[in-house]
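Residue 101 in this note's numbering sits at position 101 of the sequence shown; the count goes up by one each step and never skips.
I should point out that these hints are in silico values taken from the structure, not numbers from a laboratory. Treat the hints with caution; some may be incorrect.
Claimed, not checked - The calculated DSS-like cross-link candidates involving lysine-lysine, where the alpha carbons are at most 25 Å apart (straight line), are: (1) Lys113 / Lys27; (2) Lys113 / Lys39; (3) Lys27 / Lys39.
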Amino acid sequence: MELAQVRLLVSDFAACYRFYADVLGLKPQSGATSGPYEKFSPATGSAGIALQDRAMMAEVLGELGDDASGHRSLVVLRVDDLDAYCAQIAERGATLLRGPAPMTDRMRVAHLKDPEGNLVELQQWLLLRT
């Protein structure tokens with residue numbers, strides 16, 4: 001078994017597309033800016049994040065799920081230089097909720113939200129301190 005992607009169901013597809021492509025800088029698979037589906041990939045690694053229009057999934061399942069409320073997901077992205085990356089995405093319109101700041105002795109993190117309120121955690125892994 002292999003994890004193919006984490007898919008977020010969203011109501012404002014275009015806004016979320018712009019966030020993951022233009023603000024976070026992830027590479028879209030097809031360029032479907034208005035949906036109803038798009039997969040995004042970082043420059044390295046095989047995991048991906050996908051967006052799917054909430055209404056489309058409701059048609060597939062024959063039911064409309066409750067609108068997301070509260071923190072129901074957390075997308076985690078690892079970066080090499082957290083400070084530089086946070087400065088870049090802030091210039092592109094991101095608003096950090098917290099950080100960059102230490103989370104443990106091995107990791108620094110920053111948190112922000114996408115346009116649907118999904119939490120995004122940016123991680124920089126540190127060498128173990130001896």
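Exercise. Hint by hint, which ones does this structure get wrong, listed from lowest number up?
Worked result: Failing hints: none at all.
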